[in-house]
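**Q** Next come the chains, spelled out residue by residue.
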Amino acid sequence: MYDVAIIGAGIIGTTIARKLSPYKLRVVLIEKDSDVANGTTKGNSAIIHAGYDPEPGTLKARFNAAGNRLYGELCRELEVPYREIGSLVIAFSEEEEQTLRELYERGLGYDIPALELVDQKKLHHMEPGLNRNALSALYAPTAGIVDPYLMAIALAESAAINGVDIRLDCPVTNIRKTATSFRISCGGSEIETGLIINAAGLYSDRISELVNPPSFKIKPTRGEYFILDKGAGRLARHVLFPCPTDLGKGVLISPTVHGNLIIGPNAEQVDSKEATETTAEGMAYVREHAEKIKPGFLPFHKVITSFSGLRAKSDRGDFIVEESSETPGFFNAAGIDSPGLVSAPAIASYLLDLLQERTGSLVKKETFIPRGKDHRLFMELDREEQAALIKKDPRYGRIICRCESITEGEIVQAIAGPVGARTVDGIKKRVRPGSGRCQGGFCGPRVMQILSRELGIEMPSINKNNPGSHILTGPTKGRLPGITKTAQVKPVSINSHKIEENNIEAELAVIGGGPAGMAAAAAARERGIENIIVIERNHELGGILQQCIHSGFGLHHFREELTGPEYAQRYIDKLRSEGISCKLDTMVLSISQDRTITYINSREGLQTIKAGAIVLAMGCRERTRGSINIPGTRPAGIFSAGTAQRFINIDGYMVGRRVVVFGSGDIGLIMARRMVLEGAEVVAVVERKPYSEGLLRNYVQCIEDYNIPMLLQHTIINIHGRERVEGVTIARTNQDKQPINGTERELSCDTILFSRGLIPENELSKSARIILDPTTGGPVVNEALETSIPGIFACGNVVHVHDLVDWVTEESIRAGQGAAHYLRTAVSELKGFTFETKPLKGINYIVPQKVRTASLGGNLELFMRVKGFHEKTALLVKADGHLIKKVKKKVLSPGEMVNVRLKKEDLPETRFDTLSVELAGEDAQ
Amino acid sequence: MMAGKEMICILCPLGCRMEVKEKEDQPGELLVHGHKCKQGKVYAHQEFYNPTRTLTSTVVIRNASLPRLPVKTDRPIPKDLIFKAVEEIARVEMEAPVEMGDLIIENLLGTGSNVVATRSMQ
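So the sequences go chain by chain: A and B. First residue of the first sequence: 15, per the working numbering; consecutive thereafter. First residue of the second sequence: 701, per the working numbering; consecutive thereafter.
Derived from the structure by calculation, the hints contain no laboratory data. Mixed in with the good hints, there may be bad ones.
To be verified - Below are the DSBU-like pairs computed for lysine-lysine, each with C-alpha atoms no more than 30 Å apart in a straight line:
1. A:Lys405 / A:Lys135
2. A:Lys900 / B:Lys738
3. B:Lys738 / A:Lys306
4. B:Lys784 / A:Lys904
5. A:Lys855 / B:Lys736
6. A:Lys904 / B:Lys738
Said to hold, decoys possible - Only part of the chain A face toward chain B is listed, based on derived beta-carbon distances under 7 Å:
7. Lys491
8. Thr577
9. Pro579
All C-beta atoms, glycine included, are put in the ideal place defined by N, C-alpha and C.
For reference, chain A alone in the conformation it holds in the complex:
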């Protein structure tokens, strides 16, 4: 028997639970989903509104202003990040300026502190990049931003520590009123309680109607959002609103507490309480309206994901916080749409007062523990705290999520204790792996392994979110790999005696132990560099080759056909025999222009190392669904092809049974075959372009061989399925690769693999402010693969995405040699001159971008990609416009890198500035 049962563990339910937890009450918090903060709380703008906006006389007005005043203190108590960055409501017309004045007056009436009408000059000074037509703004310095789900989780933890029971996966199906109590049927059991607080969000009308006659309806109102990559948060200094209209507050632009930029929402009334899909129209609306505020300023190419949330808007137009007039003891905290997040603490206080009115004054417990876990992220701690944590638990030295730099220790901590994470989304909400630019592509499998180990459940039983959202469909080969028992997979170390060495200096540091890094290190050693260190984030060398178990590698470089692991082993053996030291399981966090590298591992903690030269060989990542903005739901069963490859080939799990592959990149083609060989059905490979993007032989051996339908000039325009993927809508594409109306059709599938291209991973390069080529996404390099910073070289897929590892190796050998030359040669006056390469018509890019004639050996190798598919054509190489070489080509396709080799004699001896390459004739588009 409980005194109080709270139904719904969103921000309202959790805030109330914690508010009641200091008192001598038996409280239970009941949630239908597998985690707290799983409804509206995880899909909103995350704004702590100042409170000038709601209509006078409403509960919204009362609770918003009061809630804002309580928020900072509440966040401090819980140690949840809160930033009071202030908001600006921006007027673009005299009419809107009138609205601002009304809001200002209204705000003064609510005692909103420090409100200010700012004029145009001040406005543009306060907020760079605004539309020049912005006339003035209402500035509310007390508006803030918070992480809403972290907030709800912290509240739930604190409540649980102070004795509140939390029941998850517990949908309420019936409530019976007896003479003295309520009996709640939920999740197969019955809970008896004296009082009920209905905080069921979107479902609060239905919960109310289990005991009351209908008195209000919740009309779900959908809002769609974009999240932009970390760092983009700097592009808004305040929460930026347009002038409010009858439709609501409008599309806002705001930084998040984690440094991302959030843009949204639109407002669309929908019928279903589950309609959390995104739509092409909604996303277009949001984008268009955001660009009115900051035209041309918002980098939509940095979108990492989009999502939608449903506001629980009541038909009364206001919050409903009251005791039911028909059913004493039943309290509603319902119809909480915006500004619900900020109002929560005030709503909870108000409800506490209502309860005390009914039950008499409540007695406080002897002790109250205000906060649960430490919610500061490891990377936010100071160096000493970090070192102490790693010393205590080495798992804090192992980075699992490379985009957000989240350690294994934090993930273990997120699973432990009250309200611990049980799902992949649960981990993401608590400590953020999967929230970054790779969207869980790299860390997803490792997060699942940790969940499996910590919870003692098999990998295929792990859900993304609610039951039914399993990520894996079973083991390959019909046999489960079993739960990884040890905390650490055995590091396959080369030179283990050197691994523990605490070097503080190295002649050459190579970042990345994949094919590029290994080849560069080996080449530098061949040129006499002794003190080389290779830093690798994985537990073994080889990089992505270890999961590429197919053959076709090495035909050029080794003149024999090898599989990925075999190719990797050749270089692993080479590094071993050369005695080159490697730091495995080690993540580089930053590099600086003076070539100081900061890295972390569980053996040494955080360390810095000074290198004479650096080779960047971090490889690339896959483009995600989020970054291409495919509308639809966000169920389990959506993978990038490389992630699926890892699950199947390394971990031994199948990712699905009926598969649609989107994009015909090599990994997609390889994985289509791999899925078929492991017993799955590949429904189709969907490609927007009129040709297959991957290598021809992959098309032949993976698609033709297995009669897999390839739908050229098609695209996916919608994804269906609530927990697991149920299907996709596809449509034909026009010449601009855009869907053609009326050609839509459905494909049923349980899995979607994205193979939509690779992006060089240059976050470290950016940390050293290395100049990047916007086309390749990699550093601008010269003929020796040296970047814009002397002594920092780059090679492999971090420079530009290669089609064959053989070319990666050859490029990396040149980089290793270049680094060796740099280290061995005193800076001297270079004879000769420097020219730039320039891609002209039909050519997408050329690497290297710069060439110093003095350091050219015999040949100059230019690597490039063409823009379309061309037969019987020629490449024209011109020096300052004068043709110096014509290279005939039978076939050119964007999927295959083109290599143009120029002899030194081909180049003019006299100085020229630009070496251009273009397609000959009319063929060039």
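Position chain B against the provided structure of chain A, taking the given hints into account.
**A** Just chain B now, with coordinates in the frame of chain A:
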């Protein structure tokens, strides 16, 4: 006359598009167009009369650092035996340690091709 066959040579990334047909007067002899090297003609012959593929997969491995061991056929096997071969490979279970090149299945389905480990695992 036997119908011509269009083929994409897959021996190297050039991916020569070839037209292949049997000589009318000389059965067993092929007319090949579009290849850029001798290998292309050899490939066309092979692909025309006896298409083969190198099969790569994984097998279950116990007591190793990872749960699956990558394997391959050490020479190509007839294309139409691929699915049978996959079934054979799925039956195997290895115990660590395994060295790269270790024999996993000898003479797979009588093809004369062996399944071998493509990496070492402890």
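**Q** Taking the hints in turn, state whether each one holds.
**A** Hints and how they fare:
In summary, the hint linking Lys405 (chain A) to Lys135 (chain A) is not supported, as the alpha carbons are separated by about 53 Å, beyond the 30 Å threshold. At roughly 25 Å between alpha-carbon atoms, Lys900 (chain A) and Lys738 (chain B) fall within 30 Å of each other, so this suggested pair holds. The straight-line distance between the Cα atoms of Lys738 (chain B) and Lys306 (chain A) is roughly 62 Å, outside the 30 Å bound, and the hint therefore fails. A hinted pair counts as satisfied when its Cα atoms are at most 30 Å apart, and Lys784 (chain B) with Lys904 (chain A) does not qualify at roughly 39 Å.
Our distance criterion of 30 Å between C-alpha atoms is met by Lys855 (chain A) and Lys736 (chain B), whose separation comes to about 27 Å. A C-alpha spacing of about 17 Å is found between Lys904 (chain A) and Lys738 (chain B), which places the hinted pair at or below 30 Å, so the restraint holds. With a least beta-carbon distance of about 5 Å to chain B, the hint placing Lys491 (chain A) at the interface is held under the 7 Å criterion. Using the Cβ-Cβ criterion of 7 Å, the hint placing Thr577 (chain A) at the interface with chain B is satisfied: the shortest such distance is roughly 4 Å.
Evaluation of the Pro579 (chain A) hint against chain B yields a held restraint, the C-beta minimum of about 4 Å falling below 7 Å.
When each numbered hint is compared with the structure, violations occur for hints 1, 3, 4.
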